[in-house]
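Could you put the whole structure together from the sequences, leaning on the hints where they help?
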Amino acid sequence: PFNPLYPTYSSRHFTLPIVSCTHHNSTEPSSLISPLPLWLSNFLQSLNLYTPPDNIPHASTTSLTSIRPDNYLEQLQQYSTEYGTLFKVTLGPKAFLIVSDPVSVKHILSTNSSLYDKGILREILQPIMGQGLIPAEYTIWKERRRVLVPAFHKRWLNETLKVFTVYSQKWINQLEQQSQHEIDMQQQFSRVSLDIIGKTVFNYEFGSMSDENTDVKVIHAVYALLQEAEFRSFFLIPYWKLPFVEVFSQRQREFKSNLKLLKDTLDKLILNAVEYRDEQDIEDLKMRNYDMIQDASLLRFLVDVRGADISTQQLRDDLTTL
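Residue numbers 61 to 382, in this note's numbering, belong to the letters of the sequence shown in order.
No wet-lab data here; the hints were simulated from the structure. Remember, it's a predicted structure, so these values are computed and weren't measured experimentally. We treat Cβ as the ideally placed atom computed from N, Cα and C, and that holds for glycine. Keep in mind that a hint or two might mislead.
Claimed, not checked - Computed Cβ-Cβ distance ranges for the label pairs, DEER-style:
no. : residue 1 : residue 2 : range
1   : Y283      : R337      : 30 to 40 angstroms
2   : L107      : E183      : 20 to 30 angstroms
3   : Y283      : Q135      : 20 to 30 angstroms
4   : I297      : V226      : 40 to 50 angstroms
5   : V226      : V163      : 37 to 47 angstroms
6   : R313      : E183      : 17 to 27 angstroms
Here's what the structure looks like:
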């Protein structure tokens, strides 16, 4: 009966619609459909002026506004303690079902995944990731997953672990030098992760852990795009869809500029990889001796697969998602 819009949260909570689940509240979810339009039902419930006939616990959102608060994950944890493993959060016309029960999550993401739409997740990420794995429709996702999975083979993963070790040790050394100061660990984790992803996926040095970044503009663009995606997931009205919105919105002008910079950077990396393409069968690529090659990136593998689709746009979408 529900068609909520849902963002993603970097926690153990999954904000997806659900058919049934067990929660602490004794009242089971109902299959009745609200007589009001969904957006109106959500809006009235967010103002505590209406209770739909779904019997799903509704979390009070007096402090969880359309502008994401810094402690929103802590708030969701508090809601989970109070309302159980299934509850609803409404923000104006939007409704989010928060699910943290493992059985229900399996039902949604595995057993019956074809019944659930990605909704706002696709809407928000598609401008950034195009037809990458996360926002792609099922048919495209299935095809691209089939192409990408062989790249994550054992030898490549072993080589990737070496990169993890090198960059992690560099990061630890930096942390030890800053031990007398307050450290923003979220920022630190983001930096080391970005550098590892850059090297293992693109064979590209972001240098975000360095005092002298190799490319400050690209790093800024990556962070800004992720922040914009998060902002859009919480904002009530999708004003960014308006025609010529960048004319009167500095935020959207910056989004468009950052997106262009990221795409241009990835296009250069892809074209460089294609220039030195060495086509081989997948099984032969899996047997590569990574100690003997300079570029052990995921991009290198995808480009070298015999007969692979190496169109710049599709590779860019896949790599942006990764």
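How the hints compare with the structure:
Distance hint for Y283 and R337: a CB-CB separation of about 31 angstroms, consistent with the stated range 30 to 40 angstroms. Roughly 24 angstroms separates the CB atoms of L107 and E183, a value that falls within the hinted 20 to 30 angstroms. Checked against the given bound of 20 to 30 angstroms, the beta carbons of Y283 and Q135, roughly 23 angstroms apart, stay inside it. Restraint check, I297 to V226: a C-beta distance of roughly 46 angstroms satisfies the suggested window 40 to 50 angstroms.
Taking 37 to 47 angstroms as the suggested C-beta distance range, the pair V226 and V163 conforms, at roughly 40 angstroms. Distance hint for R313 and E183: a CB-CB separation of about 20 angstroms, consistent with the stated range 17 to 27 angstroms.
Every hint, counting from the list given before, is met by this structure.
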